[in-house]
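Student: Spelled out from the first residue to the last, the chains are:
There are 4 protein chains.
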Amino acid sequence: MLFERIVSKGLAHYSYLVGDKDSAVAIDPRRDFEIYIEKAASEGMKIARILETHRNEDYFVGSSALAQATGAEIWHADDQWEYEYGRAAEDGQRWKIGRLEIEALHTPGHTPGSMSYLLRDADGISWILFSGDALFAGDVGRTDLLGRDRAIEMAGLLYESIFSRLFPLGDDVIVCPAHGAGSVCGESIADRLWTAIGIERKHNPRLQVRNKDEFVSNQTKTQPEKPPYFNMMEKVNLEGEPLMERLPTPNPLSPQKFEALAAGAQVLDTRTELGFSAAHVPGSQFIWADGLASFAGWYLSYDQPILLLTEGNNPEEVVRILIRERYDNIAGYLSGGMLAWHMSGKDSRSLKTVTVQEFCRAIDQSHEAAVLDVRSDEELLRNGRISGAQHIHVTQIPERHKEVSRDQEVYIFCGSGMRSTIAASYLEARGWENLAVILGGLSGWKSVKCPVVR
Amino acid sequence: MLFERIVSKGLAHYSYLVGDKDSAVAIDPRRDFEIYIEKAASEGMKIARILETHRNEDYFVGSSALAQATGAEIWHADDQWEYEYGRAAEDGQRWKIGRLEIEALHTPGHTPGSMSYLLRDADGISWILFSGDALFAGDVGRTDLLGRDRAIEMAGLLYESIFSRLFPLGDDVIVCPAHGAGSVCGESIADRLWTAIGIERKHNPRLQVRNKDEFVSNQTKTQPEKPPYFNMMEKVNLEGEPLMERLPTPNPLSPQKFEALAAGAQVLDTRTELGFSAAHVPGSQFIWADGLASFAGWYLSYDQPILLLTEGNNPEEVVRILIRERYDNIAGYLSGGMLAWHMSGKDSRSLKTVTVQEFCRAIDQSHEAAVLDVRSDEELLRNGRISGAQHIHVTQIPERHKEVSRDQEVYIFCGSGMRSTIAASYLEARGWENLAVILGGLSGWKSVKCPVVR
Amino acid sequence: MLFERIVSKGLAHYSYLVGDKDSAVAIDPRRDFEIYIEKAASEGMKIARILETHRNEDYFVGSSALAQATGAEIWHADDQWEYEYGRAAEDGQRWKIGRLEIEALHTPGHTPGSMSYLLRDADGISWILFSGDALFAGDVGRTDLLGRDRAIEMAGLLYESIFSRLFPLGDDVIVCPAHGAGSVCGESIADRLWTAIGIERKHNPRLQVRNKDEFVSNQTKTQPEKPPYFNMMEKVNLEGEPLMERLPTPNPLSPQKFEALAAGAQVLDTRTELGFSAAHVPGSQFIWADGLASFAGWYLSYDQPILLLTEGNNPEEVVRILIRERYDNIAGYLSGGMLAWHMSGKDSRSLKTVTVQEFCRAIDQSHEAAVLDVRSDEELLRNGRISGAQHIHVTQIPERHKEVSRDQEVYIFCGSGMRSTIAASYLEARGWENLAVILGGLSGWKSVKCPVVR
Amino acid sequence: MLFERIVSKGLAHYSYLVGDKDSAVAIDPRRDFEIYIEKAASEGMKIARILETHRNEDYFVGSSALAQATGAEIWHADDQWEYEYGRAAEDGQRWKIGRLEIEALHTPGHTPGSMSYLLRDADGISWILFSGDALFAGDVGRTDLLGRDRAIEMAGLLYESIFSRLFPLGDDVIVCPAHGAGSVCGESIADRLWTAIGIERKHNPRLQVRNKDEFVSNQTKTQPEKPPYFNMMEKVNLEGEPLMERLPTPNPLSPQKFEALAAGAQVLDTRTELGFSAAHVPGSQFIWADGLASFAGWYLSYDQPILLLTEGNNPEEVVRILIRERYDNIAGYLSGGMLAWHMSGKDSRSLKTVTVQEFCRAIDQSHEAAVLDVRSDEELLRNGRISGAQHIHVTQIPERHKEVSRDQEVYIFCGSGMRSTIAASYLEARGWENLAVILGGLSGWKSVKCPVVR
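Protein sequences appear in the order of chains C, X, W and E. Quick note on numbering that gives the first Met the number 0: the first sequence kicks off at 0 and runs consecutively. Quick note on numbering that gives the first Met the number 0: the second sequence kicks off at 0 and runs consecutively. Quick note on numbering that gives the first Met the number 0: the third sequence kicks off at 0 and runs consecutively. Quick note on numbering that gives the first Met the number 0: the fourth sequence kicks off at 0 and runs consecutively.
Mixed in with the good hints there might be a few duds.
Here are the simulated DSS-like pairs of lysine-lysine, each with C-alpha atoms no more than 25 Å apart in a straight line [claimed, not checked]:
#1 Lys201(E) / Lys95(X)
#2 Lys20(X) / Lys8(E)
#3 Lys256(C) / Lys38(X)
#4 Lys8(W) / Lys20(C)
#5 Lys445(C) / Lys256(E)
#6 Lys401(W) / Lys225(W)
#7 Lys256(C) / Lys448(E)
#8 Lys256(C) / Lys445(E)
#9 Lys38(C) / Lys256(X)
#10 Lys445(X) / Lys95(E)
#11 Lys256(E) / Lys20(W)
#12 Lys20(E) / Lys256(W)
#13 Lys448(C) / Lys256(E)
#14 Lys201(X) / Lys201(E)
#15 Lys95(C) / Lys201(W)
#16 Lys201(C) / Lys201(W)
#17 Lys256(W) / Lys448(X)
#18 Lys201(C) / Lys8(W)
#19 Lys211(X) / Lys8(X)
#20 Lys38(X) / Lys8(E)
#21 Lys38(C) / Lys38(W)
#22 Lys95(X) / Lys445(E)
#23 Lys445(E) / Lys20(X)
#24 Lys20(W) / Lys445(C)
#25 Lys95(E) / Lys256(W)
#26 Lys256(C) / Lys95(X)
#27 Lys8(C) / Lys445(W)
#28 Lys20(C) / Lys445(W)
#29 Lys8(C) / Lys401(W)
#30 Lys38(W) / Lys256(E)
Simulated from the structure, these hints should not be mistaken for lab results. Computed from a prediction, not measured in an experiment: that's the story for all the values here.
Bound conformation, chain C alone:
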């Protein structure tokens, strides 16, 4: 028997590969799909089927490509949409995988046609539920993706799916969802890699409600953000583009070529927040590599080529993450990085950073300074507000950046200093000059005696 969870970091996306005897099933495969083939092949298994839990909106599903590479058949959920490939799975449909069996359960709510898949073991025991974006550890799927109008309807559907369809499976069914902690698909997914129906029934905060109305009301109270790239994903996931056999290898570029191409491109710098602060190509956008899955969709356009600036000559991991969100237009990377840039006499910019000690002294002395807090609403609630700070979530900076003062020194704050640097790089590229990033962010600040008001 083969059971593998394939984790795509950043997205906190979990896909699964389950096999027995000589055949295997991939559930919600990602676009850089070679890992499924390799793992199945090493067990002598052929990927016979691909199951989708729903039309994903946060990454580019690899079903179509994997099917082209392996000949597997695709079963997708959400049959009310016009998929251009595969067939629609139906509630109650069953497939054999060697001695195992998988059954489709219609669990609408996140999307109208969301499917969960129940895996029975060789003895016919209900063993694992692949719950897609219906049920997470400590959270449930968002129900707002079809718009405000249908949010109440969708929340109601999700309530029924979970309470009437999943709970009856029994407390002891193990639950393997499509996302873990850190995903944009659930606001507060708990840090359990897998969970059980009973654990969620008893402890999931979203499910501790008296009735459906309370669940729906809670569900529509908060409004998680929807990154602009979701629209692109929803579109391409219906189309199922042609096979990308091999991860593209971007061109190494000399500083001269890089500079020449930069005019018509967006420069993405994925080094550390400190390396970026010390020196960067003017106009470049900072997003650290592990933050790329979460923030690329808010900051990068699909219309302009991307130029990469990484540490070392090894952009592969970054390319992999971009490709998953279908940023295919990667024009190259700066060979030799910033050292090559400086050694060929190119000018660079730096970004001011301050430690919490320095910040504490600075705000003590200067009442003119502005503080910009780019944390999420939820973090503000949980960890406290900064007195007098302007609050714009890092994902809203591109839309609302004009609200940030150009006249004062602006100290930018997040939990650690990473997201602050994203925001600062965006503002700097658009002309802001008096910016400073707080190193260590709120985490660091708590250790010094400076005012935080909850």
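Using the hints, position chains X, W and E against chain C.
Tutor: For chains X, W and E alone, coordinates are given in the frame of chain C:
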């Protein structure tokens, strides 16, 4: 600076990757080309050019595919042929690679337009000669590929190329040829991974001649064999087929499916000679994995699909070797190998093997037994003939197998027992019944007291 | 958070590594421990603690070595024994791992002091139970290891541990046991990699009893075998030997040296059953690599050096498995394998193999042939007996081999032909001459029309 | 046949592994020796001998450890010293490696007993010379290590070794030295990975002399520096310390523990020059990872424990380099790096960096600024001096740092900005406050119009 020799075992083919600063050159790249891109990328280098030393006949050149994947320009030799891609390199043409320089030297003889390439280092010193199939360690390229008619002409050209063009470069130029010991492209290449002009001038047996006539006479005396697949390679190497981005992953097949497909396919068994002897699928052809590059071209047809039978579920290395000779039509492999075959109740055949001790006793007792020696002419000369044995080189078995006796027990002999098993499997599949392979072959036999007559 | 299950194949042993923030806990680590350090280090975590669930008897625990390499503290169970290292964990004891917490639960039965460990997540939810050898998927730990005298007492303790201590944790607690399907520590562990309390409560065949008496009665009805090496393991696991930093690299030996050393050694051949059958070094013991963890303990002595004969020059994986059972005295391996053996003129033996078709014909013709069935009692019950066959389980062959007829041809049978070859090689080395292994075993045989009586 | 060059980057040290049939020889193995065993084992070869070309002074030779791990015999050169292990090789001594042969040639000069080793191939042809530190590509070994007094004598010996012993081997012998470009053992080694006797005879600048006197005179003209750690290496290389089986895995440390230990330790920061400049632990010494082999010996003490600060949680490569120079006392590394440091509210320091454009503007405006140039004498000669700059080579900073002005702003210059940051971190830790590193160094500066006087 980057210098890499990429060895394709079996073929004993050497390709090279040379780079400096941000660009690199690949010389005679193979079809499974990802290795060049990976090595160049890890140094931040772009493959800017591909140089071919000649229209290769023993493997499918990867130039066209690598160029499609990287945008590199291709320079081929042998411009009198009608290449459908790239441009013809000219004698004296020079290219920069960072601080290095490469110059094309026209060295005809193996083919009419063969090129060698001289690499000068950053100080302009003549450093390394990529000699293609013109000059090997201890041997020279064969000059018979254009046919008997032109063999004298070609041998004369090769003499001039080596004596008038390469020797003047100086004894101290290091020589990196396109093949090492074990290649079918040189009969007796020495076991030196690289050599020097002076070493070859003084020690290469082919070059210890008084004059051109003696060289030509020697060169046309022996007639190395030309595997049937050479014709296919010569053809496709002019065409430069579309990109194969990723090594194909053959389908795992159940014993039932394997048996069903076997009817219209050629079954290739690449396990050990012992595993094959103990039990194999009836009708299958044995060639051990490391012998595949040398013998596939004599035994496998391009017209029928190939079914693989390997040890374990890991046919990748075998596929890689087949793909290099453009055996693209691989229908799958037996998942679970012979164990799965037997466990589903399928019948198998065994092949008799005898140790040299047993053989010694057998020939003592039975004067009826025939001995078939499948070693090469050269081995017979070097290591002695077996008294009374029939001699057919392993590569000639498909053409001459009818000469082998069907009435007697036939003991098959080679150097070790490996090639004997190739021949035996071929004969067995065509109805021969009294075959026995000598384990250890002539090497083993020398240790017992049995008659070998030189 | 870090959660890793480390699987030692063959033994079907599961150890675990759990970490959060900067510290990690290893549970029941194996002797080749580098994997724990590497995985923890890649997350920036230090292995702060090692927890043992019980004094293991089926492999050499790596606690002592891992503690020496990392400085971790060791907590062992079974404090009534005289451990020479670490400290005894106590029921109810708790340890923090970052935001997580682990609690020791005394669950005696398999051994008197067996501990389970309950992991609570960052929210304090009871999440995962590391159940050691108390509770498996579909089975429970054996309770006979302290001898017949105490078997009833121990079975009673296990009943209380499971019913009174583990069931109350709740159906939804996920269970991670110390062994999976294929282990000698549970007769019929199900093929679920992990399970849940509720799944076991409802479906585990051992737990579907009316009361404690029935449980105890069932538990003492069957008598699983106890391999001789268990005694060695129990002893060394108390002592906790000095650190073996690096997996030993055995010496490659020429055929001459191999033969010379073989006189005072036990030759272990881990190739395929077919390769072994075709030719092997006289006197050698066959156990295929993946069967080594299960069968080495029955066939290999601790008193003689081991000489390895593997396919290829890559004995690492075999050494790793032997080391886990503390077969440290590995004198070398045959460089170049059987090919080198035969090429230096050494004699070898072969073992007769027959397909099920051949066997069917043979038993039809000859009523003289004996059949030896080396499957387990359980398999006989489940899959049927062979009419007239002598039955000795493969593990009992060393003890009972004299019961096997020397006068008749003996056809040896197991499920597939693998274990038959173990038995045959043992008998052959002790002088039996008329042996034949049935390829495909009972699995293959079922497909032909020959008499099987249930 | 097996031929491998093992490159230790940074040191630009080349060791070699040569094997044939079942035995291999390692030449000048490094301390982290697992690579030799792995490569030999994968070919089924045993490392039978270890040859040293001389008592190395720039790294800790792995002979003793490798011998303990493999049982190989050690042959060292320089027999006038009191080695505590192995035996002394003698001029003319020969060893067989399968069909190959190696002969020791006494080639004193770098040290009194330096040996070269000539490899003859299977045909007896003089093929490869392992020239140790006698002859490099484009350079010769230094002859000053025994002190000023004996420098003339040693230079004379080296002349004889090269002209009378090596040149007669023939122009076509390929030369494999112990170091490549970038080593501290040769001032200006050319960027050829291997060379030939003839290439060096004709092109090596050191060998284009009329007679011995001119060679000796040139050789004693310049005085390459001798890092303080050479003394340690010379001592331990005679002793041959006990086996270090496994590369040590340093402890991950929380910011609190790191800070606590830092008081009695030297903090080594191996991140990029930019990351360090933006923020670093106060008092820490910067040396980038690839510069560590060259500069650790000048900046790190053997008496204090080392605390590492790397990018990410992956100090392995840094540990490997330190271990090669016997910095064994590594107390741990900061888990989570600077991000963790700042998030726990720890204070950090930054170092001012300026681009060449900024520097150009700055020196235009302020005539008060000092310029410190830390390049080598040779670079000054080759690439020009900076008008008015103070010159102290980076390796001399620890000895001469008091010469640097504390009163002025000091702009620090090297070729790229990397070595400047080493110097700046040293000065900053000792109280200098007005320091600025020029990004891109002289390479960058040449592209702007600022005065450079040759």
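Student: Now, for every hint given, state plainly whether the structure supports it.
Tutor: Consistency of the hints with the structure:
no.: 1; hint: Lys201(E) / Lys95(X); verdict: holds (24 Å)
no.: 2; hint: Lys20(X) / Lys8(E); verdict: holds (17 Å)
no.: 3; hint: Lys256(C) / Lys38(X); verdict: holds (22 Å)
no.: 4; hint: Lys8(W) / Lys20(C); verdict: holds (17 Å)
no.: 5; hint: Lys445(C) / Lys256(E); verdict: holds (19 Å)
no.: 6; hint: Lys401(W) / Lys225(W); verdict: holds (20 Å)
no.: 7; hint: Lys256(C) / Lys448(E); verdict: holds (22 Å)
no.: 8; hint: Lys256(C) / Lys445(E); verdict: holds (19 Å)
no.: 9; hint: Lys38(C) / Lys256(X); verdict: holds (22 Å)
no.: 10; hint: Lys445(X) / Lys95(E); verdict: holds (23 Å)
no.: 11; hint: Lys256(E) / Lys20(W); verdict: holds (14 Å)
no.: 12; hint: Lys20(E) / Lys256(W); verdict: holds (14 Å)
no.: 13; hint: Lys448(C) / Lys256(E); verdict: holds (22 Å)
no.: 14; hint: Lys201(X) / Lys201(E); verdict: holds (20 Å)
no.: 15; hint: Lys95(C) / Lys201(W); verdict: holds (24 Å)
no.: 16; hint: Lys201(C) / Lys201(W); verdict: holds (20 Å)
no.: 17; hint: Lys256(W) / Lys448(X); verdict: holds (22 Å)
no.: 18; hint: Lys201(C) / Lys8(W); verdict: violated (36 Å)
no.: 19; hint: Lys211(X) / Lys8(X); verdict: violated (34 Å)
no.: 20; hint: Lys38(X) / Lys8(E); verdict: holds (16 Å)
no.: 21; hint: Lys38(C) / Lys38(W); verdict: holds (20 Å)
no.: 22; hint: Lys95(X) / Lys445(E); verdict: holds (23 Å)
no.: 23; hint: Lys445(E) / Lys20(X); verdict: holds (19 Å)
no.: 24; hint: Lys20(W) / Lys445(C); verdict: holds (18 Å)
no.: 25; hint: Lys95(E) / Lys256(W); verdict: holds (18 Å)
no.: 26; hint: Lys256(C) / Lys95(X); verdict: holds (18 Å)
no.: 27; hint: Lys8(C) / Lys445(W); verdict: violated (48 Å)
no.: 28; hint: Lys20(C) / Lys445(W); verdict: holds (19 Å)
no.: 29; hint: Lys8(C) / Lys401(W); verdict: violated (60 Å)
no.: 30; hint: Lys38(W) / Lys256(E); verdict: holds (22 Å)
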